[in-house]
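Q: Residue numbers (our numbering), protein chains in the order written: chain A, 1 to 263; chain B, 1 to 392.
If you are wondering where the hints come from, they were derived from the structure by calculation, not from laboratory data. This structure is a prediction, so every number in the text was calculated from the model and none was measured. Backbone N, C-alpha and C define an ideal beta-carbon position, used for all residues, glycine too. It is possible that some hints are incorrect.
[Unchecked claim] So these bits of chain B aren't anywhere near chain A, every CB distance computed over 12 Å:
1. Val55
2. Gln131
3. Leu362
[As the list claims (entries may be wrong)] Covered, in the sense of this in silico footprint (three residues per stretch, anywhere, with C-beta under 8 Å from a C-beta of chain A), are these stretches of chain B:
4. 102–115
5. 151–165
6. 170–182
7. 254–264
8. 336–348
9. 380–388
[To be verified] Looking from chain B toward chain A, a few residues come up when the C-beta cut is under 8 Å (computed):
10. Glu246
11. Val292
12. Cys303
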Amino acid sequence: MNTVFIEAVGLAAPGLPSWRESGATLRGEHPCLNAPLPAHTPAMLPLNERRRATPAIKLAFQAAEDAMQSTALGASSLATVFASSDADLGIIHRICLALTATPRFISPTDFHNSVHNAAAGYWSIAAGARTPSTTISAHDGSFAAGLLEASLLVQVDDVDALLVAFDLPAPEPLHAKRFIAHPAAVALVLTRQPTTQSLAALNCATTSDVETTLAETALESLRLGNPAARALPLLHRLARRSFGRVVLPMTDQSRLGVELRAP
Amino acid sequence: MNPLPVSTYTVSSAVGAGRAAHVQALRNGTTGLGRVTFDTNNLDCWLGEVRDFDVPLTGALAEWDCRNNRLAEFALNQDQFLDAVAACRGRCGATRVGVFIGTSTSGVQHTELAYRARDVSSNTLPGWFDQRRTQNIFSIAAFVALRLGLAGPALAISTACSSSAKVFAAARRAIAAGACDAAVVGGVDSLCLTTLYGFNSLQLISADICRPADSARLGISIGEAGGFALLDPAGASSLALLGYGETSDAYHMSSPEPAGRGAIESMRAALARARVEPHEVDYINLHGTGTVANDNAESRAVCEVFGAAAPCSSTKGWTGHTLGAAGIVEAAVSLMAIEHGFMPRSLNTREKDPAIEAGILLENRIGSVRRVLSNSFGFGGSNCSLLFGRLP
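Let the sequences and hints guide you as you build the complete structure.
A: Structure (structure tokens):
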């Protein structure tokens with residue numbers, strides 16, 4: 001498979017509030033504090049959509065807007081891949097609860113926000129992007145599956161793309177059945193050609209190699225506590241400008257080997 | 001792009017199980033929709049329910065048991081699809097065959113049942129509820145990969161009602177870049193109260209049967225379906241995916257852009273990728289949900305790209321709107337039209353809405369069909385157009 005280039009990174013997780021503010025932590029210069037993620041107001045969203053946006057959508061925007069701050073590329077020009085294991089289990093909870101009541105009343109806003117591609121829909125409106133957009137799930141391997149899909153989109157369909165992975169904890173009683181420890185979102189802008197902003201050249205291919213773990217306990221616990229945070233070994237290398245290979249979990253049968261080189 | 005051969009395909013919907021049942025019903029004008037009871041649904045509506053599939057999964061598949069995976073299992077067992085995949089797996093190797101499955105709600109009906117059975121005092125769900133293997137969006141793709149013994153790249157695409165059209169685009173990219181040698185694509189969505197009461201909250205459910213493009217249409221009839229196709233560049237087949245287009249409306253979460261701009265760009269992208277001119281397309285299978293807004297916007301878009309004379313129809317009068325499975329169901333209908341040389345009419349359409357200028361077929365048309373374009377549009381403004389044709 002061909003090379004794509006990482007143009008920009010966005011990040012939002014406890015202790016890692018943005019890509020710019022997280023470099024020192026990812027480089028091990030100071031410890032990862034388990035600080036709650038500050039609430040985000042999606043600046044790009046028109047007021048009408050902002051009012052209707054759910055926590056899952058705001059979380060996706062937090063990382064996506066963060067990534068867009070470090071690129072000169074226009075949001076309207078980028079194709080998008082949104083990757084989430086469960087998108088918004090808070091809505092699934094409210095709907096399933098409402099269906100046990102009499103009469104059964106589902107909020108129309110909840111229903112249109114319940115589609116797995118809700119964040120992608122809001123993003124296309126916010127960015128004015130009529131570009132191709134896909135939303136995928138591969139459970140705990142959603143980040144790697146999304147990265148593979150985004151990299152294929154860039155290589156084969158000849159577009160630059162924004163990848164946004166996000167997941168957040170479910171309310172009880174669903175939380176006991178689907179454990180996501182904390183909110184996390186990661187965004188990457190991927191381009192066909194290197195630019196002056198490029199952070200790395202990236203190649204990926206499926207592999208059966210063992211997945212990469214992180215030595216720092218706090219970062220490893222973040223990584224395991226959220227499907228989007230499975231991206232952390234990749235971000236760890238990018239923050240250190242330490243090129244090389246990481247292996248990310250994708251499905252039960254296959255993992256994704258990601259090779260990073262100087263752009 | 002180079003045409004990507006469709007080695008084989010299968011579909012199961014309210015119309016019946018497998019391809020032959022669909023060809024027969026499409027020719028005879030027999031709808032699969034009925035005023036049937038489902039679960040505890042008390043809405044006044046027609047449903048497209050698949051018959052005879054709802055039996056528990058057993059053995060190694062038991063822990064995946066839910067309505068959606070039962071429907072997948074049933075659909076996989078039609079048209080010797082399992083044999084075709086086994087042969088492909090034998091030739092390529094399990095790790096070289098990808099799995100790309102579309103769904104809008106996966107096994108959420110299982111979660112509905114779990115909430116009904118929850119312990120209110122302790123706020124806990126029953127022990128039998130396995131979220132990962134039922135409700136999670138990826139469940140359906142993981143189940144299909146497991147059932148078919150495939151270990152290549154696997155993912156679920158969930159872009160509402162365009163989901164299982166977009167799997168063709170994702171699979172083609174993966175094959176073109178060498179991420180896999182062949183791919184199983186498909187879509188499965190099953191009846192659940194979430195979508196019934198959800199669409200009802202948006203006042204989109206019709207009490208009357210779904211009547212696409214009819215002047216008195218009232219909205220959608222929800223259906224369920226499962227379908228699959230094997231895309232294999234080395235396969236012996238005369239049918240192929242010629243092109244695809246994917247765009248976003250960037251307009252509204254649950255209403256189509258009235259001028260159909262996103263739809264126009266999606267159809268044009270499919271034609272451009274295939275290097276096919278509009279006049280070379282013989283029939284257009286519309287998204288055609290039967291809502292006023294969808295059918296009007298899509299008609300404008302189709303007229304803009306193909307002109308008002310181009311033959312087109314929605315086949316949702318047969319199957320209902322199968323949501324995340326609509327893409328694969330209508331891909332299958334498109335392939336049947338090419339294989340069997342007929343264009344299905346717009347079933348249940350009595351009088352065409354004067355606001356709709358597109359060339360809606362009110363009778364089946366018999367004759368050579370070389371190329372078909374199929375539209376699938378979803379919430380979030382997600383558009384996908386697929387172009388199928390015969391290989392020379």
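Q: Now look at each hint and say whether the structure bears it out.
A: Verification of the supplied hints:
The Cβ of Val55 of chain B lies farther than 12 Å from every Cβ of chain A, with a closest approach of about 24 Å, so its non-interface assignment holds. Interface exclusion of Gln131 of chain B from chain A breaks down, the closest Cβ pair being 4 Å apart, not more than 12 Å. Consistency note on Leu362 of chain B: stated as away from chain A, and its beta-carbon is indeed over 12 Å from all of that chain's, at 33 Å minimum. With a cut-off of 8 Å between beta carbons, the segment 102–115 of chain B has 6 residues touching chain A; three or more are needed, and the interface restraint holds.
Against chain A, the segment 151–165 of chain B contributes 10 residues with a C-beta closer than 8 Å to a partner C-beta. That satisfies the three-residue criterion, and the hint holds. Counting residues of the segment 170–182 of chain B whose beta carbon lies closer than 8 Å to any beta carbon of chain A gives 8, which meets the minimum of three for the stated coverage. For the segment 254–264 of chain B, the proposed coverage by chain A is satisfied: 3 residues have a C-beta within less than 8 Å of a C-beta in that chain, meeting the threshold of three. For the segment 336–348 of chain B, the proposed coverage by chain A is not satisfied: 0 residues have a C-beta within less than 8 Å of a C-beta in that chain, short of the threshold of three.
By the rule of at least three residues with a Cβ nearer than 8 Å to a Cβ of chain A, the coverage given for the segment 380–388 of chain B holds, with 3 such residues. Hint status for Glu246 of chain B: holds, given a least beta-carbon distance of 4 Å to chain A, under 8 Å. Here the hint on Val292 of chain B is broken, as its CB sits about 17 Å from the closest CB of chain A, past 8 Å. Because the closest C-beta pair between Cys303 of chain B and chain A is about 20 Å apart, greater than 8 Å, the hint is violated.
In this structure, the hints that do not hold are numbers 2, 8, 11 and 12, in rising order.
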